[in-house]
Amino acid sequence: NTRASLEKSDDSWMSQKPVKVASRNGTELKIQDDFSILAAGNNPNTETYTVTLQSDLPQVTAIRLEALTHDSFPNKGLGRVNGNFVLSGFEVRAITDGKTNKVKIAKAVADYEQKEQPIAATLDDKPATGWAVDGHVTPKNRQAIFTFEQPVSGGTGTVFVVLLKHFSLHKQHAIGHFKLSLTSESKPSLPDTTLPEKILTILKLPMEERGEDHKKELAKYYRSIAPELAETRKQLVEVTKKKEDLNKKIPTTLVSVHEEPKQIKVLRRGNWMDEGGEVVTAAFPQFLPHPEMEGRQPNRLDLARWMVSSENPLTARVFVNRWWKLYFGTGLSKVLDDIGSQGEWPTHPELLDYLALEFSKDWDVKKILKLMVTSSAYRQSSLADKKLREIDPFNRLVARQSRFRLDAEMVRDNALAISDLLSPTMFGPSAKPYQPAGYYAQLNFPKREYEADKGDNQYRRGLYTHWQRTFLHPMLMAFDAPSREECTAERPRSNTPLQSLTLLNDPTFVEAARVFAERIVEQGGANERERLKWAYGQALSREPQKDEIKMLSELYQKHLAKYQSDKDATEKVLSVGDRPAKKTINPAELAAWTSVSRTLLNLHETITRF
Numbered sequence: 179n180t181r182a183s184l185e186k187s188d189d190s191w192m193s194q195k196p197v198k199v200a201s202r203n204g205t206e207l208k209i210q211d212d213f214s215i216l217a218a219g220n221n222p223n224t225e226t227y228t229v230t231l232q233s234d235l236p237q238v239t240a241i242r243l244e245a246l247t248h249d250s251f252p253n254k255g256l257g258r259v260n261g262n263f264v265l266s267g268f269e270v271r272a273i274t275d276g277k278t279n280k281v282k283i284a285k286a287v288a289d290y291e292q293k294e295q296p297i298a299a300t301l302d303d304k305p306a307t308g309w310a311v312d313g314h315v316t317p318k319n320r321q322a323i324f325t326f327e328q329p330v331s332g333g334t335g336t337v338f339v340v341l342l343k344h345f346s347l348h349k350q351h352a353i354g355h356f357k358l359s360l361t362s363e364s365k366p367s368l369p370d371t372t373l374p375e376k377i378l379t380i381l382k383l384p385m386e387e388r389g390e391d392h393k394k395e396l397a398k399y400y401r402s403i404a405p406e407l408a409e410t411r412k413q414l415v416e417v418t419k420k421k422e423d424l425n426k427k428i429p430t431t432l433v434s435v436h437e438e439p440k441q442i443k444v445l446r447r448g449n450w451m452d453e454g455g456e457v458v459t460a461a462f463p464q465f466l467p468h469p470e471m472e473g474r475q476p477n478r479l480d481l482a483r484w485m486v487s488s489e490n491p492l493t494a495r496v497f498v499n500r501w502w503k504l505y506f507g508t509g510l511s512k513v514l515d516d517i518g519s520q521g522e523w524p525t526h527p528e529l530l531d532y533l534a535l536e537f538s539k540d541w542d543v544k545k546i547l548k549l550m551v552t553s554s555a556y557r558q559s560s561l562a563d564k565k566l567r568e569i570d571p572f573n574r575l576v577a578r579q580s581r582f583r584l585d586a587e588m589v590r591d592n593a594l595a596i597s598d599l600l601s602p603t604m605f606g607p608s609a610k611p612y613q614p615a616g617y618y619a620q621l622n623f624p625k626r627e628y629e630a631d632k633g634d635n636q637y638r639r640g641l642y643t644h645w646q647r648t649f650l651h652p653m654l655m656a657f658d659a660p661s662r663e664e665c666t667a668e669r670p671r672s673n674t675p676l677q678s679l680t681l682l683n684d685p686t687f688v689e690a691a692r693v694f695a696e697r698i699v700e701q702g703g704a705n706e707r708e709r710l711k712w713a714y715g716q717a718l719s720r721e722p723q724k725d726e727i728k729m730l731s732e733l734y735q736k737h738l739a740k741y742q743s744d745k746d747a748t749e750k751v752l753s754v755g756d757r758p759a760k761k762t763i764n765p766a767e768l769a770a771w772t773s774v775s776r777t778l779l780n781l782h783e784t785i786t787r788f
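Here the sequence shown stands for residues 179 to 788, numbered as in the working numbering.
I should point out that these hints are in silico values taken from the structure, not numbers from a laboratory. Some hints could be false.
Below, in silico cross-link-like pairs of lysine-lysine (BS3-like), each with a Cα-Cα straight-line distance of 30 Å or less [what the hints assert, rightly or not]:
id	residue 1	residue 2
1	Lys293	Lys304
2	Lys365	Lys349
3	Lys512	Lys564
4	Lys610	Lys632
5	Lys318	Lys365
6	Lys208	Lys376
7	Lys711	Lys736
8	Lys419	Lys293
9	Lys280	Lys198
10	Lys285	Lys349
11	Lys254	Lys293
12	Lys382	Lys365
13	Lys318	Lys412
14	Lys745	Lys632
15	Lys632	Lys760
16	Lys632	Lys564
17	Lys293	Lys382
18	Lys761	Lys632
19	Lys412	Lys394
20	Lys711	Lys760
21	Lys304	Lys343
22	Lys343	Lys318
23	Lys426	Lys610
24	Lys254	Lys349
25	Lys419	Lys376
26	Lys610	Lys625
27	Lys728	Lys761
28	Lys539	Lys564
29	Lys393	Lys318
30	Lys625	Lys760
31	Lys412	Lys254
32	Lys539	Lys632
33	Lys761	Lys610
34	Lys293	Lys277
35	Lys195	Lys349
36	Lys195	Lys426
Restraint-style ranges between C-beta atoms, simulated for each label pair [stated by the list, open to error]:
id	residue 1	residue 2	range
37	Gly219	Phe582	51 to 57 Å
38	Ile377	Lys280	32 to 38 Å
39	Arg478	Ser554	40 to 46 Å
40	Ser250	Val433	19 to 25 Å
Beta carbons are placed, not taken as given, at the ideal position from N, Cα and C, and that holds for glycine.
When you get a sec, could you build the whole thing from the sequences and use the hints?
Structure (C-alpha cells):
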C-alpha cells in the first residue's frame, strides 16, 4: 500500500528540466542531473531567481516547489547561511502563442510552515514577509504547491517563467537547493512524502528485491531524520563545524602534481612564432660529474640527489661561502650569487674547499657553524692598527674581525632585547608591529586594513614580521631589507639619516627606550652615574667613558627640567606603545631617562656588530 501510494503521488507531478536559469544579483545557479537547481558563488543579501520551464502537458493546474537539503550548506540544511531560507514572493508567467500572461495563483499550501512565516506570505506582495521552514533547527526537505486560479492550456511549447523572490529582513536567506515540477491534476495535492529520489526508488522496490546496499542506504537516511537521534545529530554538526574551523586555521602550501614534461625548443632569433628550433631536454652541466640516466630523462628526484652528491662540489661551497659572509661580513668569494668563473676568485680557496668538504660529509649545519665561530679567526678582535688598515682596508685577509651593521630585523630585535621586551615565542603566524596609518592606502586589489598586534605578539622577533611584498614594513625598508620582488643573495648596507630618525621616532624603538628606562631606574642604582654605567653595560657591554657620562648627565638634567614643567609632553612620551608605563616611577624622571635610553639605542655602536 505504501509503495502504491508513493507511486501514485509521485506520478502526478512531472519534474521539468529548466530551459534557462538566472539570478538578479549574481548568484550562480547550476542545473543538476535530477533537474534540481543548486545555488553557488556569490551570496547577496537579497536575490530573485528566474527559472524558465517548457511543458508538453495539455494543461497545467499547479507548480510544486521542493526545497532540498544539501551537504555543502550549514547544518546540511536548505540555505547557505544558517540552513534556513525565507521565500518572500512566488510569481508565475505563462507564454503561449507568443503572448506572456501573469498566472494568478489561487492558493499556496506547504507541508511545513515556520511560526508567523506561512506559505501564504509569498502571495501578499509584501517583501518583508515570506515562507520559512526552521531549516536552521531541523534540516529536512520541504515542499509547497501553488495552485492556479485557472488551468493554463497550451500543450506542446508552453513556457512558464517562475520567479522566486527573497527580499526578507533576514539577509542572504535565499533557497539554496530547489526543484520545480508541474501537474495537470484537477485537484492538485501535496505528495505524501518529499523523500530523496534515491530513497523513493528503493522504497518502490518489493522487499525481496532490496539488496544489502539498499538496506544500508535506508538505514543511513533513517538515522538522518529519526527523532531519537536529534541530539546526536546536533552534536555531530557542532563537532564537524569545529573541525572545519580548525582546518581553515591550518596553514597550507601549494603542492606540485607530476605531469608529462612539455617539449621545450630553442626559439630562433627574430621569430618567436617559429617552432622549428632544436629540442632542449633536461640535463646536468656537462663539465661536472653526473649520473648516467640509462636512456631516460632526469627528473627532479635525480636533481635533488645530484645536488647533495659527493661528486658535485657546488652546493657545499655555495652554502659555506654564504655562512662565512654572515659571520665575517664578507664571503671568501665576495660575489655570493655567482661563485663560478664569472664571480670573484676566493681569497682563501683552500679554506673554502676544506669547509665545503667538512660540510658535505654529513650536511650538519650546526656542526659547520660551530667550527666557524670557535675558530681563532672568528674570535679575533675587530681593532686594527693603522698599518693593517692600509694593507687590508676591507679585511679580506681575515687578519682581524669585521665590523658591520646588523641586518634590519636584528636592529629591531636588539632594541627589544635590551629593553627586555623581546618575546621568545617561536613559530606560528606572522606578527604585525606598529606601522604608520594609511601605509597600505595604495593597495586596492583588494584593499587592506593593517591592525597592529597587541600584547606578546607585538614584540616577536623581526623574523616573524608580516611581509607585504613591495610594501614591506617601513622600518625594515629603512635598514635595507629586500622587497622580495626578486631573489636577493646579499643585502646592501647603507648609512642614511632616515635610519637615525627611525631609531628615534618609530613607536617600537620609543617604547623599547621607555621600558629600558624603567629598568635603568629600578635596577641601575641610586644615582645618575651608577645608572649610566648599568645602562651602558646592558646596551653596549662596556662601561661609559668620562665624557660620555658627562654628556648624558647633561642630557638627563636638561630633559628632566623640561618634563617637570611640561606635563603634556611627559604624557605624550610615556603613552607610546602597547605596554603601559609604570606608575611607581616619577613620570618626569622616567621621561628624562627615556631620552637617555633613546640616545643609547640610536648609537652607531648599538646597531653595529663588533
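Consistency of the hints with the structure:
1. For the given pair, Lys293 sits about 17 Å from Lys304 by alpha-carbon distance, which is consistent with the 30 Å threshold.
2. Straight-line distance between C-alpha atoms of Lys365 and Lys349 comes to about 36 Å, which puts the hinted pair past the 30 Å bound.
3. A C-alpha spacing of about 24 Å is found between Lys512 and Lys564, which places the hinted pair at or below 30 Å, so the restraint holds.
4. Annotation: proposed proximity of Lys610 to Lys632 holds, straight-line Cα distance about 9 Å (limit 30 Å).
5. Between Lys318 and Lys365 the alpha-carbon distance is near 26 Å, which keeps this suggested pair within the 30 Å criterion.
6. A hinted pair counts as satisfied when its Cα atoms are at most 30 Å apart, and Lys208 with Lys376 qualifies at roughly 20 Å.
7. Distance restraint check for Lys711 and Lys736: the Cα-Cα separation of roughly 19 Å lies within the 30 Å cut-off, and the hinted pair is therefore satisfied.
8. For the hint linking Lys419 to Lys293, the alpha-carbon distance of about 27 Å falls within 30 Å, and the restraint holds.
9. With a C-alpha separation of about 18 Å, the suggested pair Lys280 and Lys198 falls inside the 30 Å cut-off, and the hint holds.
10. Straight-line distance between C-alpha atoms of Lys285 and Lys349 comes to about 27 Å, which keeps the hinted pair within the 30 Å bound.
11. Restraint check for Lys254 and Lys293: the C-alpha separation of about 22 Å stays at or below 30 Å, so the hint holds.
12. Between Lys382 and Lys365 the alpha-carbon distance is near 24 Å, which keeps this suggested pair within the 30 Å criterion.
13. Among the hinted pairs, Lys318 with Lys412 is consistent with the structure: their alpha-carbon atoms are about 14 Å apart, no more than 30 Å.
14. Between the alpha carbons of Lys745 and Lys632 the distance comes to roughly 27 Å, so the proposed pair stays at or under 30 Å and holds.
15. Pair hint Lys632 plus Lys760 holds up; C-alpha atoms about 18 Å apart against a cutoff of 30 Å.
16. Of the supplied pair hints, the one linking Lys632 and Lys564 is violated, its CA atoms being roughly 50 Å apart against a limit of 30 Å.
17. The straight-line distance between the Cα atoms of Lys293 and Lys382 is roughly 34 Å, outside the 30 Å bound, and the hint therefore fails.
18. Pair hint Lys761 plus Lys632 holds up; C-alpha atoms about 20 Å apart against a cutoff of 30 Å.
19. Only pairs whose Cα atoms come within 30 Å are accepted, and Lys412 paired with Lys394 is accepted, the gap being roughly 22 Å.
20. For the suggested pair Lys711 and Lys760, the alpha carbons sit about 22 Å apart, so the restraint of at most 30 Å is met.
21. Between Lys304 and Lys343 the CA atoms are separated by roughly 11 Å; this keeps the pair inside 30 Å, and the hint holds.
22. Restraint check: the Cα-Cα separation between Lys343 and Lys318 comes to about 21 Å, which is no more than 30 Å; the hinted pair holds.
23. Among the hinted pairs, Lys426 with Lys610 is consistent with the structure: their alpha-carbon atoms are about 21 Å apart, no more than 30 Å.
24. The suggested pairing of Lys254 with Lys349 holds, with an alpha-carbon distance near 19 Å, which does not exceed 30 Å.
25. Between Lys419 and Lys376 the alpha-carbon distance is near 27 Å, which keeps this suggested pair within the 30 Å criterion.
26. Proximity of Lys610 to Lys625 is assessed by CA-CA distance (about 17 Å); at most 30 Å being required, the pair is judged to hold.
27. With a CA separation close to 29 Å, the supplied pair Lys728 and Lys761 stays within the 30 Å bound.
28. Taking the CA atoms of Lys539 and Lys564, the gap is about 41 Å. The hint is violated against a cut of 30 Å.
29. The suggested pairing of Lys393 with Lys318 holds, with an alpha-carbon distance near 21 Å, which does not exceed 30 Å.
30. Among the hinted pairs, Lys625 with Lys760 is inconsistent with the structure: their alpha-carbon atoms are about 38 Å apart, more than 30 Å.
31. Restraint check for Lys412 and Lys254: satisfied, since their Cα atoms lie roughly 11 Å apart, inside the 30 Å limit.
32. For the hint linking Lys539 to Lys632, the alpha-carbon distance of about 46 Å lies beyond 30 Å, and the restraint is violated.
33. Among the hinted pairs, Lys761 with Lys610 is consistent with the structure: their alpha-carbon atoms are about 27 Å apart, no more than 30 Å.
34. Pair hint Lys293 plus Lys277 does not hold up; C-alpha atoms about 39 Å apart against a cutoff of 30 Å.
35. The straight-line distance between the Cα atoms of Lys195 and Lys349 is roughly 29 Å, inside the 30 Å bound, and the hint therefore holds.
36. Proximity of Lys195 to Lys426 is assessed by CA-CA distance (about 37 Å); at most 30 Å being required, the pair is judged violated.
37. The given range of 51 to 57 Å is respected by Gly219 and Phe582, whose C-beta atoms sit roughly 54 Å from each other.
38. The given range of 32 to 38 Å is respected by Ile377 and Lys280, whose C-beta atoms sit roughly 36 Å from each other.
39. For the hinted restraint 40 to 46 Å between Arg478 and Ser554, the CB-CB distance of approximately 42 Å keeps it satisfied.
40. For Ser250 and Val433, the hinted distance range of 19 to 25 Å is satisfied, since their beta carbons lie about 24 Å from each other.
In summary, the structure is inconsistent with hints 2, 16, 17, 28, 30, 32, 34, 36 from the numbered list given earlier, while agreeing with the others.
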